[in-house]
Each structure stands twice: as structure tokens, then as C-alpha cells.
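Start from chain A and add chain B according to the hints.
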Amino acid sequence: MTKKIIDIDHLAKLARLELTDEEKETLAPQLENILAYVSKLQEVDTSHVPSTASTTNLVNVWREDDVIVCEAAERESAIRSFPDSVGTALKVPGIFDDRTE
Amino acid sequence: MFTIEEAKQKLAGKEISSEELVNDCISKIESGDGEIHAFLEVFKKDAIAAARTIDKQRVAGEELPELAGIPVALKDNMLVQGHVASGGSQILEHHVASYDATVTRKLKNAGAIILGRLNMDDAAMGSSTETSHYGQTRNPWNLSKVPGGSSGGPAAAVAAGFVPASFGSDTGGSIRQPAALCGVVGLKPTYGRVSRHGLIALSSSLDVIGPMTQTVADAATLLRVVEGADPKDSTSQNPSETSVAELLKLTDIRGLKIGIPKEYFISGMDPEVEARVREVITLLESHGASVEEITLPHTPYALETYYIIQPAEASSNLARYDGMRYSMRATGERLEDVYLKTRGEGFGREVKRRIMLGTFVLSAGYADAYYKKALAIRQLLRQDVDAALSRVDVILTPTSPSVAWPLGEKFNDPIAMYLADIFTVTANLTGHPALSVPCGFAHDLPVGVQFIGRHFDEDTLFRVGHFYQSITDWHKNSPL
Numbered sequence: 001m002t003k004k005i006i007d008i009d010h011l012a013k014l015a016r017l018e019l020t021d022e023e024k025e026t027l028a029p030q031l032e033n034i035l036a037y038v039s040k041l042q043e044v045d046t047s048h049v050p051s052t053a054s055t056t057n058l059v060n061v062w063r064e065d066d067v068i069v070c071e072a073a074e075r076e077s078a079i080r081s082f083p084d085s086v087g088t089a090l091k092v093p094g095i096f097d098d099r100t101e
Numbered sequence: 001m002f003t004i005e006e007a008k009q010k011l012a013g014k015e016i017s018s019e020e021l022v023n024d025c026i027s028k029i030e031s032g033d034g035e036i037h038a039f040l041e042v043f044k045k046d047a048i049a050a051a052r053t054i055d056k057q058r059v060a061g062e063e064l065p066e067l068a069g070i071p072v073a074l075k076d077n078m079l080v081q082g083h084v085a086s087g088g089s090q091i092l093e094h095h096v097a098s099y100d101a102t103v104t105r106k107l108k109n110a111g112a113i114i115l116g117r118l119n120m121d122d123a124a125m126g127s128s129t130e131t132s133h134y135g136q137t138r139n140p141w142n143l144s145k146v147p148g149g150s151s152g153g154p155a156a157a158v159a160a161g162f163v164p165a166s167f168g169s170d171t172g173g174s175i176r177q178p179a180a181l182c183g184v185v186g187l188k189p190t191y192g193r194v195s196r197h198g199l200i201a202l203s204s205s206l207d208v209i210g211p212m213t214q215t216v217a218d219a220a221t222l223l224r225v226v227e228g229a230d231p232k233d234s235t236s237q238n239p240s241e242t243s244v245a246e247l248l249k250l251t252d253i254r255g256l257k258i259g260i261p262k263e264y265f266i267s268g269m270d271p272e273v274e275a276r277v278r279e280v281i282t283l284l285e286s287h288g289a290s291v292e293e294i295t296l297p298h299t300p301y302a303l304e305t306y307y308i309i310q311p312a313e314a315s316s317n318l319a320r321y322d323g324m325r326y327s328m329r330a331t332g333e334r335l336e337d338v339y340l341k342t343r344g345e346g347f348g349r350e351v352k353r354r355i356m357l358g359t360f361v362l363s364a365g366y367a368d369a370y371y372k373k374a375l376a377i378r379q380l381l382r383q384d385v386d387a388a389l390s391r392v393d394v395i396l397t398p399t400s401p402s403v404a405w406p407l408g409e410k411f412n413d414p415i416a417m418y419l420a421d422i423f424t425v426t427a428n429l430t431g432h433p434a435l436s437v438p439c440g441f442a443h444d445l446p447v448g449v450q451f452i453g454r455h456f457d458e459d460t461l462f463r464v465g466h467f468y469q470s471i472t473d474w475h476k477n478s479p480l
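Protein chains in written order, with the numbering used here: chain A, 1 to 101; chain B, 1 to 480.
Isolated chain A, as found in the complex (with noise of 0.2 Å):
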């Protein structure tokens, strides 16, 4: 096998995600082997191959920024299924350790 290229913990970081040890134990070698496995990629010239996801030529979809109200039932459910909330508003874990900032 090539050499190590991945850094778990700061991958894990990037990615907001808490993994346990085992966990990455388990990964690391995972997603070697799959970088390993998707390296044959570089054999393949595409210097002058453009580089786009699209495949059905749509380009640039408009449409105008109306507001469109949802209806009443819809507005309350989405409240419903909000993990916290005050009234009518999401609740979230404040963004700033020092409330003084």
C-alpha cells in the first residue's frame, strides 16, 4: 500500500464529526484503501476536458425572488419538528463561548 494520506482527526474536524477510537481504527485503513482503489484515476489525460457536473446542458435556471407564504398547517409542522424552539422561533445553542463578545 501507498503511504498514509490521510489525517483522521483533522478529517473528522473538517467534518464535524465525533468518531470514536475504534471508529477510526476502522476508517483510516477504510479510506486508504479506497484512495487507493480511485487513484486510477490519474492514469486518464483530461487536460483539455472541462471540468462540470452538468449533464443536460441546462445552464443558469431563473426565476424571480417572490416570497411565496407556505400554508399555516405546513408553517406549524416544520415548528413542530424543530429540535427547540421559543414560540414560534427555532431555538439554537448560542454562537459565542463569551456572551460579552
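Be careful, since some hints might not be right.
To be verified - Pairs of lysine-lysine, DSS-like flavour, derived with a Cα cap of 25 Å: (1) B:Lys249 to B:Lys8; (2) A:Lys24 to B:Lys341; (3) B:Lys28 to B:Lys44; (4) A:Lys13 to B:Lys56; (5) B:Lys8 to B:Lys106; (6) B:Lys232 to B:Lys106; (7) B:Lys410 to A:Lys24; (8) A:Lys4 to B:Lys372; (9) B:Lys341 to A:Lys91; (10) B:Lys108 to B:Lys56; (11) B:Lys232 to B:Lys257; (12) B:Lys262 to B:Lys106; (13) B:Lys44 to B:Lys56; (14) B:Lys56 to B:Lys14; (15) B:Lys249 to B:Lys410; (16) B:Lys410 to B:Lys372; (17) B:Lys372 to A:Lys13; (18) B:Lys262 to A:Lys40; (19) B:Lys8 to B:Lys28; (20) A:Lys40 to B:Lys410; (21) B:Lys372 to A:Lys40.
To be verified - Some chain A residues near chain B, calculated using beta-carbon distances under 10 Å: (22) Leu31; (23) Asn33; (24) Thr56.
Simulated from the structure, these hints should not be mistaken for laboratory data.
Think of the CB as a built atom: it goes at the ideal place given N, C-alpha and C, for glycine as much as any other residue.
Below, chain B without anything else, positioned relative to chain A:
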């Protein structure tokens, strides 16, 4: 179980009522789904109520829409207002949909009865339905085998005769591969033909919704109902119109040009599967189709390309499950801890694997070598298929290199699992429509043949698939 075509006739002729049809489905599910586990939930009360309404309208002589009173079931990643939509994930276990997906709304408007939600791999990541947080689904043909995935529930439900038809989603083969492994018809429409509004997103440049049915004719009927441009999915487009009735009148394939890509008949494929697919070629040729070998030279890179692009997009799409708006929320000291714990606890292991992989291939220093490289090869794959389809009308391949494998066999080997999608990922990467049709048995398990067509030319797929089913009986076999 009746096909949609048969159910329509029997309902219209008042031979059965919709309530009887729905009750028949429910009793079959209650007696048979304990061991198969295709359904995560049957919407019993809602379904019976909807059936009674339609029956009353029918008795009153009202004009009824096309699918009036016919039950269909949906993969658990399509929203049905007021019902849980979990996407097979723990993180959305208690997520109740506040609106209908466009597909759901169109089905309801056509009078269809949404019978329930069907099992799937966790966040649609998997090829066997074993990663579902809610337990595995078993193959109705052999309960010790996987049904394929990620739409294993929708495939098994139709194969077991629990419901006339279902809808799945296909990102790398998730409709066609389980359709092949369970012996049903599965259509991945052209990218953009069916709106994804209300589909829990996996990889947005690849995801499509499509029907899973007993017959090609039914797949054509259902596509007509759900297709079309939708302002809520900016990638959706209006296809050209041919009525299903017109389409199915074309029961002649003389002169149809079928291309056989040599790269799809590889060593390592089950020889019995290959034999069944070659029998299809011989049969279609004997009925006047012209068959020629073609080449899709970048095929050896398709799966590798897919397993860069798909995790990259998934890692981005799944960022929304941060515990803030509609998923479970773990408790933590700081905001960062809430993110880490919610996602660490809520995602299953295949999902974590792909989020990590996707994050890596998009990360600074690696995005050019992996993600951008894959995007370029994606265009080469598309050029291959477009070039081939300028010479032939349709491309014929196996859907899967093997029949259904034993439960657990590939569960701990990600690459072996990924290889199950080797013949299906290309159509997602290139946007082309593809149809899997049952074409016989190998080792007493179903085999599927795949037809790939030009963008928005599902009609040719329906024509050849319907013709094939009119001269064969494979689709009439039932495991029960």
C-alpha cells in the same frame, strides 16, 4: 398482485373496489412482511380512508383521475405530509414531513393511494439495504439473500406482491440494481425528468426518482404521472410527450439498433448472469433488431469517478443535519460539541465513511487531484455514451454482475459492496435514462438486463422493454 394496468381495468369495471384492493395489500403485508421487512410503516388508516373516498366518487359516477384508487408505496426518502420520513437514518428517526414531495403530490392528484414507506439503506448509501437503521430487508426470492439497494424495500415490496408498484431513488443504481436482484422492472429516468423537490438529497447532480413495477407498461404509466418541470427543482425539465397507449402500440423492433459495449462483459461477472443477458441479445436479434458491438472506453474509470463525486456531494448535502432544524439534537457544552455529537451519534457507519471520504476529496490540497479530476472524467464518460448513442438507438448491458448475494457477505468490505454498482453508475454520471427488466434466473435468483437510452428518450427504452416482455414470461414469475 395486480399490475397497475389490471387494477385500473378491474376498478373501472367495478369488479373490485379500491378499499378491497388496499385491504388485499394490507393483509398480504401483514402475513408476509414480518420476514421480508420491506415496509417501515403502512399508512393503514389514511390509505383505507382515501380508498373509501375514491370508491364513493366512483359509485357516484364522477370522472376520476388516471390512478384513482390504486395503491403505491414510496421509498422512505420521499416526503408524505404528516408522516415520518427518515431516509433510513437514525438522525431523522422522528422527522415528520411538513409538506408533500412533488412526486407525492402528483401521485395524490392522480388518485393514487400512498400505502406506506419502504425500507432503504441509511441515507440511501449502500447496495444491499443492510445499512438501514431500521433493520435489513430480505430478498423475497430467498430470505437468506439481500434484496439489493439502496431501494431494497421498494424492490422487495413489488416482488413479494405487497403493492402493485413503488417508487425508488437512484443515485448510482439504487433503483435498477435492487430491481434486477428482486426480479422487477426499475426505471432510472433521465436526470431532470422527475422533480426531486421533497426527496431527501444524497448527491444532487446524480439523484433521480423513478418507478419500480411488474411491467414496463406500468413504468411508462407512472413516469407520465410524475414527470415534468417543477419550479421547486431548477434542474427539472419538460420532456416530449407521447401517450403510453401510443407507445405500447409500437410492438415491433425491426430495425432497432442495439449496441453491446464490450467493456460490460468483464471477467469476474457471474457466467450464468452473462448467459441470461446474451440470451436477450439473441432473442431481440431474432426479432429483427440489429446488434453491434460498441465501445465505451472510459468504463473502467466509472466506478472510481462515482465514488469521488457521490461522497463529495453527499458530504456537502448532509451538512444540513447539524442538530439545529429538523434532526435529533445531542446535548453539548458548546455549539461545536452539539454538531460533533449530533452527527457522531446520528449517522451510521457507511454514512460516516462517505462523509469522511467526501470531505477529503473536497479538502484544500486534494480537490484538484480527486474531485476536479473526477468531474473531467465524468465528461469523458458522457462523451462515450453520447457517441455510442449517435450510432445505435439503445445500449444493452447486464444490470448487475451477480445475482443477490447472502446477507452479511459484503457488509464489512466497502469496495466489494461498491463493485455491485459497476454497471449502473455510468448512467447517473452521464444523466442518461436506464431501464432494468427481468430476463430470467441464475442459481434460482432473478437476473436483470439494462437498457440505456438517449437523454429524454425513455420512449425507446419502454418500446424495447415492452416488446421483450410481450415475448417472454419472466416478469410473470412470483416468489410466493
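Verification of the hints:
1. With a C-alpha separation of about 18 Å, the suggested pair B:Lys249 and B:Lys8 falls inside the 25 Å cut-off, and the hint holds.
2. Note on A:Lys24 and B:Lys341: the hinted pairing holds, with a Cα-Cα distance of about 15 Å set against a maximum of 25 Å.
3. About 13 Å separates the Cα atoms of B:Lys28 and B:Lys44, which keeps this hinted pair within 25 Å; it holds.
4. Restraint check for A:Lys13 and B:Lys56: the C-alpha separation of about 58 Å exceeds 25 Å, so the hint is violated.
5. This hinted pair checks out: B:Lys8 and B:Lys106 have alpha carbons roughly 17 Å apart, not beyond 25 Å.
6. Note on B:Lys232 and B:Lys106: the hinted pairing holds, with a Cα-Cα distance of about 14 Å set against a maximum of 25 Å.
7. The hinted pair formed by B:Lys410 and A:Lys24 meets the criterion: a straight-line CA distance of about 20 Å does not exceed 25 Å.
8. Between A:Lys4 and B:Lys372 the alpha-carbon distance is near 21 Å, which keeps this suggested pair within the 25 Å criterion.
9. Restraint check for B:Lys341 and A:Lys91: the C-alpha separation of about 18 Å stays at or below 25 Å, so the hint holds.
10. Of the supplied pair hints, the one linking B:Lys108 and B:Lys56 holds, its CA atoms being roughly 17 Å apart against a limit of 25 Å.
11. Between B:Lys232 and B:Lys257 the CA atoms are separated by roughly 37 Å; this puts the pair beyond 25 Å, and the hint is violated.
12. This hinted pair does not check out: B:Lys262 and B:Lys106 have alpha carbons roughly 40 Å apart, beyond 25 Å.
13. At roughly 18 Å between alpha-carbon atoms, B:Lys44 and B:Lys56 fall within 25 Å of each other, so this suggested pair holds.
14. Between B:Lys56 and B:Lys14, the direct Cα distance comes to roughly 12 Å. Compliance with the 25 Å bound is thereby established for this hinted pair.
15. The suggested pairing of B:Lys249 with B:Lys410 is violated, with an alpha-carbon distance near 43 Å, which exceeds 25 Å.
16. Distance hint between B:Lys410 and B:Lys372 is unfulfilled; the C-alpha atoms sit about 30 Å from each other, more than 25 Å.
17. Proposed proximity of B:Lys372 and A:Lys13 is supported: the alpha carbons are some 23 Å apart, at most 25 Å.
18. As the CA atoms of B:Lys262 and A:Lys40 are separated by approximately 20 Å, the hinted pair is consistent with the 25 Å bound.
19. Between B:Lys8 and B:Lys28 the alpha-carbon distance is near 20 Å, which keeps this suggested pair within the 25 Å criterion.
20. This hinted pair checks out: A:Lys40 and B:Lys410 have alpha carbons roughly 22 Å apart, not beyond 25 Å.
21. Our distance criterion of 25 Å between C-alpha atoms is met by B:Lys372 and A:Lys40, whose separation comes to about 14 Å.
22. Satisfaction of the interface hint for A:Leu31 is found here, the shortest Cβ-Cβ separation to chain B being roughly 6 Å, below the 10 Å cut-off.
23. At about 7 Å, the closest approach between the beta carbon of A:Asn33 and any beta carbon in chain B falls short of 10 Å, and the interface hint on this residue holds.
24. Interface hint at A:Thr56: satisfied, since its Cβ lies 5 Å from the closest Cβ of chain B, which is below the 10 Å cut-off.
In this structure, the earlier hints numbered 4, 11, 12, 15 and 16 are contradicted, and the remaining ones agree with it.
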